[in-house]
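Trainee: Each chain, letter by letter, is given below.
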Amino acid sequence: MKKLIEIKNLSKEFDGEIVLKEIDLTIKENEFVTLLGPSGCGKTTILRILAGFETPTTGDILFEGLSIVNLPPNKRNLNTVFQKYALFPHLNVFENIAFGLRLKKMKEKDIVQKVKQMLKLVKLENYEHRNVNRLSGGQQQRVAIARALVNEPKVLLLDEPLAALDLKLRQEMQYELKEMQRQTGITFIYVTHDQEEALTMSDTIVVLNNGLIQQIGTPIDIYNEPKNRFVANFIGESNIISGIMIDDYKVKFEDYIFDCVDRGFHFNEPVDVIIRPEDLSIVPNDNAPMVGVVESIIFKGVHYEICVIVNGKEYVVHTTKNATIGDIVGLTVEPQDIHVMEVGVVLNE
Amino acid sequence: MNKSLNRLSYPYLLWTFIMIVIPFFLIFIYSVTSSKEGSPVIFQFTFDHYREFFSPSNINILNKSIWLAFQTTVYCLILGYPAAWIISKINIRKQNAIILFFILPMWINMLLRTYAWQIILGRSGILSTFFNIINIKYEGILYTDSAVLIGMVYNFIPFMVLPIFTTLIKIDDNLIEAAYDLGASTKETFLKIIFPLSLPGVVTGIILVFLPAVSSFAIPRLLGGGQYVLIGNLIEKQFYLLGNWNFGSAIAIILMILIIISMMFMKKTDELKSRGGGTLPW
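Chains as they are written, first to last, in the working numbering: chain U, 128 to 476; chain Z, 1478 to 1759.
Be careful, since some hints might not be right.
To be verified - Lysine-lysine pairs mimicking BS3-like chemistry, simulated, CA-CA at most 25 Å apart:
1. Lys202(U) x Lys1664(Z)
2. Lys281(U) x Lys243(U)
3. Lys231(U) x Lys281(U)
4. Lys1566(Z) x Lys202(U)
5. Lys232(U) x Lys1566(Z)
6. Lys234(U) x Lys1541(Z)
7. Lys234(U) x Lys1566(Z)
If you're looking for bench data, these hints aren't it; they were derived computationally from the structure.
The following block holds chain Z by itself, in its conformation from the complex (with noise of 0.2 Å):
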């Protein structure tokens, strides 16, 4: 790269600097410090926060979340693979406005989406009128695991159908025509041939989906009422109701830890899966 491109990068690189190292390192410091009582500009090196984190009711709200986002995103890939599948081998016109209304949720607030569902979920709410009006009991599912996770997969679906789509589209057309003049029936080329070549999408839905799900705060609270704690929640918590910004810190730090271990982990086994070539976008 020549000089002048290199300078170009200069805002970017300031700005990674201000947005994204500082505050990481801040938070860092704010994890294994604490302030002295009555004397908040004075700091203390601790452990205490990462040691206090690992109680029985904490570990249990943790996986209780990752619970939950492996939920999710098993749900979002079951109902998106195919999605995405369908959508690909429609007509390129059609394709783009099934594409849009994907997107266009997307576009509205996240909370007031929430908010509808729960009036669709709700004792009084448009569900339970409907299954009224045809004669079935219906209490309303709102403020359960169930509404959670169905506000969670609404949600988050359309990052998982997104990548799988543009990986099924660029698959081309001479590769599928190939396996079945190999021989291979229709199952035999999605199970050879289309499924793995869509992998990379499939990868990269699980990371855009688990990742934001792993710590998501607003739609358990919203669907799952406010004794539905996740690690979001605790973060949340520690910030703005406790203003133990230190304790908070330190569980963001160790939720960072496993995220960063697990998409070890899904790199690793992709590259075990590809043989011959093809690799992840990263």
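Same shape as in the complex, but just chain U (with noise of 0.2 Å):
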């Protein structure tokens, strides 16, 4: 695919605080690239700096090899979707998503049949006329997105678009925006601090804190190999242990040494070692590589959420297998299950 956007060494500080860190980022057509991270990582300023309401304190930014960071919004090709929908209170539906291609000065039947596609895209026929004040948060959301849409940009920038919808509108949603990208064809570049969310859509998670790129990969690489303790605690939840690699493909945590998938290191050099919760198994103890009580039990309908505490550390286990409190059981994971990290490539934290 050919590359879209490429960010090359970005920073912006606001009042000599920095909030982006030399960010180098590179966006390829069609993709649906997230930006993750907690409130104040940086993400939305990533957003604002493309889409051009601030401008960056250095670095630059090429939109099909050419430089945008001195072009005013309304010359760049991309077209934002805001987190507050930010609808013309004084128009319609019609005339909120007509508002770019009047201004193209497009022919009025071109204008009423683009609309009428667009409406029927976002699942709103028939709404042309209503008062945009009087639609529900999901329907008004439908409808930025069709006003941003309808002018088709080379790329939709999205500003945590479901962050005020409740949870069941959020996940339909996000079905029908990966539906969308699909169909249209546009990169998506997609604001947000929800994790199942980014892993659900996105082609690409960047992930980001502090200002700082911590991450870029797809959701499967994000989540099964986390470079680091700030993604593998942001992105699922997490077991991280202190170990010592003893040889390649051997890891050793809990006195007991593990056989695992990762080679390179130092022999004897300090690790990370991350377990899934759901890659632990509970099993009998005797024979078991480690030996802990259990804790507490929590029912989260899929499974349990089961804490054991082995030497004093606590462990999480995601489990369909129900146990008692008080029991004293084994735990065990698989060699491919153990996630091996160098101490210490935190980012900023």
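With the hints as a guide, bring both chains together as one complex.
Mentor: Structure, rendered in structure tokens:
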């Protein structure tokens, strides 16, 4: 796929406070990219710089090879879906969506046709003459998406567009957004703090913290091979254990040498070991590599969340099998489910 | 609403009744009656006062009043909208200071402020002294139409600036960004988003300026001189000089009907403009 946007060495300061630090990012055509991170990590600032509402302190952005940092927002070939929708309250649904087309002095006949087509895409047929103030949150969001998409931008920027919706609607909209992206072939750059949203929709996830990129990768990469403690903690739940790399494919923690799939560390190098809760299994305590006491059990619907104390440390286990509080149980993990990371690659935490 | 809250409104209802409904009723009664010669307690029903009003000279006065109020409103809007726009754009600390400068003069008696204009505009006033120093011939514009208009605009402009300013600062910055984002230039954003959204403030401003301007009598008298008669002066003269309360009341009622008609007209045009939503506060 072709490179569409190249962000080069981008930094941004607000009143001497650094919010973005040397961001390098390449976005390809037709990609669904998610900027993921906690609030204040700089993800919205990147989006606002891309849209042209903020200027970077240093660095450059290339759009199809040409720098756009000095271009005003109305001259950029990308459109934004705002977090609070920002629909024009004095215009009805039709006029809101037609806003960009009217500015292009398009023929009325074409405008009507394009708006109708968009309303169909966002499933709001026959809503043309509705007052936007009387629509529900989900409907307003659809109008906002249609208003941006109707201009056929190369890139659609979405700033936490689902944050104000309830859980059920949010999940529905996740699938619909992904579907719209596939249908229109437009590159989506999506900002969210919701890791589940990011995992569900994205082709590429960019994890940010404190203005720094922590990791760029596919959802599977990010989930299974987190680069550091921050990413491991932020994406899903993790058991993070300090261990020692004895040899290639051998890691020692909890006084037991486990087989693993990682290599290339120094001998006896201290490492962080990450095990996802669903990768730990409860087994009979004889012969198990780790033995502990069941401290608490929470029923989560699909699985139980069981807390097991091993050598004074807490391990979270997700399992479909129940246990009893106070039981002495064994814990085991498959070699490919043990992820070994260097210690101290935590960026700027 | 529950009963105890309902009861709280009684004093206000009583107040409205005594201070608004009864006086209005009395004015109406005065306007359709005349007292018999020598007997002030016996009234006689008549439409004469209304008929009397529609003489060419009175119609002239009415036209002049409406024209002056119209000019005042237009100038207030032309000067006031940019002022409100600039104030809404500056940082909040300076904003409060400037708003205070707009309100501060209103704490001083309106007559005093108008007397000050007499001194500024007069033949030997500050303005003419200034022009004399730089050797420009200046006769003074006191007691001319321009003087009245200056005084009126000066007096009423805060009533235009404040409501417009209030609607402008309430416009969400995201809407303006959205307009830019969709390809609108600064000018298009103003014409298509900012101005339409500030219309309720403009309409309120127009009403707040036009209504008192059309019936004002102090400023025209002080800055326009004794020969400068507007509808407000005409009403005042009936009550204070001629003691003809019946005719004065009739003029007041006619003026009121004209104002109601023009307000209904304004509301109608505003409704036509707002296709999607956003109605006037009343």
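Trainee: Now look at each hint and say whether the structure bears it out.
Mentor: Each hint, compared with the structure:
1. Lys202(U) x Lys1664(Z): holds (14 Å)
2. Lys281(U) x Lys243(U): holds (21 Å)
3. Lys231(U) x Lys281(U): holds (16 Å)
4. Lys1566(Z) x Lys202(U): holds (23 Å)
5. Lys232(U) x Lys1566(Z): violated (30 Å)
6. Lys234(U) x Lys1541(Z): violated (47 Å)
7. Lys234(U) x Lys1566(Z): Not OK: Lys234(U) and Lys1566(Z) at ~36 Å, beyond 25 Å, violated.
In this structure, the earlier hints numbered 5, 6 and 7 are contradicted, and the remaining ones agree with it.
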